[in-house]
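Trainee: Chain residues, written in single-letter form:
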Amino acid sequence: MREDLSPLVPLSPAILHILTALAGEERHGYGIMQEVARQSEGQYKLGPGTLYDNLQKLLEHAVVEECSRRSAADNPRRSAGDDPRRRYYRLTAFGRRVLLAEVARLEGVVRHARLRLQTNNPRRAS
Amino acid sequence: MTRALYQFLLWLHPPFFRQRFGEEMLWIYDESAATHGVLALFTDGLASLARQWVMRAGTWKLAVAGAGGLLEILMAGFFVMGPAPTAHVAATQSIEDPAQFSGTWKGSLRSRPIELVLAKEGTVWRGEIHFQSPDGALRSAPLEDIRVAGDSVHLRVQVDDSDMTFSGKLVPGTLGSRLVGALQATADASDDLISYSTLQAFHA
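Chain order of the listed sequences is E and F.
Sequential numbering from 12 applies to the first sequence in this note's numbering.
Sequential numbering from 578 applies to the second sequence in this note's numbering.
Hints are computed from structural coordinates only; laboratory data are not their basis.
Virtual Cβ for every residue (Gly too), placed ideally from N, Cα, C.
Heads up, a few of these hints could be off.
[Said to hold, decoys possible] In silico BS3-like cross-links for lysine-lysine, where the CA-CA straight-line distance does not exceed 30 Å:
#1 F:Lys746 x E:Lys68
#2 F:Lys746 x F:Lys683
#3 E:Lys68 x F:Lys683
#4 E:Lys56 x E:Lys68
#5 F:Lys697 x F:Lys683
#6 F:Lys746 x F:Lys697
[As the list claims (entries may be wrong)] Reference listing, derived: stretches of chain E covered by chain F, where coverage requires no fewer than 3 residues with Cβ under 8 Å from a Cβ of chain F:
#7 37-45
#8 51-60
[To be verified] From the structure, some residues in chain F lie toward chain E, with a derived Cβ separation under 8 Å:
#9 Glu600
#10 Glu601
#11 Ile605
#12 Ser609
#13 Val615
#14 Ala617
#15 Ala624
#16 Arg628
#17 Trp630
#18 Gln777
#19 Phe779
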């Protein structure tokens, strides 16, 4: 059965970056911000307000979930001296499908744009 | 000084958002004020504040109702000679009927089914929670201290040594209302305790 992802896809740039940051591993809020800045080579900087506003939305739609304490304790990046205010988040199986659907949509857009640019290439006067 | 101002900015956010993310946002402020710049963090915080109150907390409904009432008064002043209608009628119509909470709410919590049953007996709300524990067993527990106000509900539930609170609100939708909220532990009893989890349920 095909899932209806239309209320979520297309994703906003902030959500796309957040989900991409969480696709590899679970991260805390500041980790997500740093990963977004890294993956966009500093072009997209996410503030904490924007991050948590979007995380709230993603948690409500079960796209992202907070890691349980046991799972977070298993995280090799988490040390004994970790700040207790940190909470870790990860993609759910549904969230992974949402991200895959968005990637497929974007691939289609890029393919279409390339095709249009090739066919409508104005001939230069010789 | 700027940290205290940022803390104040966080305090201005809606209670639900503040309780859930306030500490984390302050922690990020502590970590990134030097690298991100205080101005950028404040701008982002102000934008978040506006978004939370206008888009998320439903304040826009009251604002639209108020503006509609005001427009009605102004229109009456221009076109109708006679007493102008009052604005507060339109504003109070957006408050949800508490009776809408009655019934069975089915949803999922961490990919496992969960059911909340709420009923009003006289002036007192009673209820039960049914859920599947991680080992697959079906569990039930009574809901305690149920408080319904407007479109919000708060309650407490105790399962074994886990003491949790649920805060949620009704979110209207095309297919009926949803109950959206968060289940949060009030004490660290064990590792398996739900520290925090969002819950979305539909009227069955």
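Trainee: Which earlier hints turn out false for this structure, listed by number in ascending order?
Mentor: The structure breaks hints 13, 17 and 19; every other hint is satisfied.
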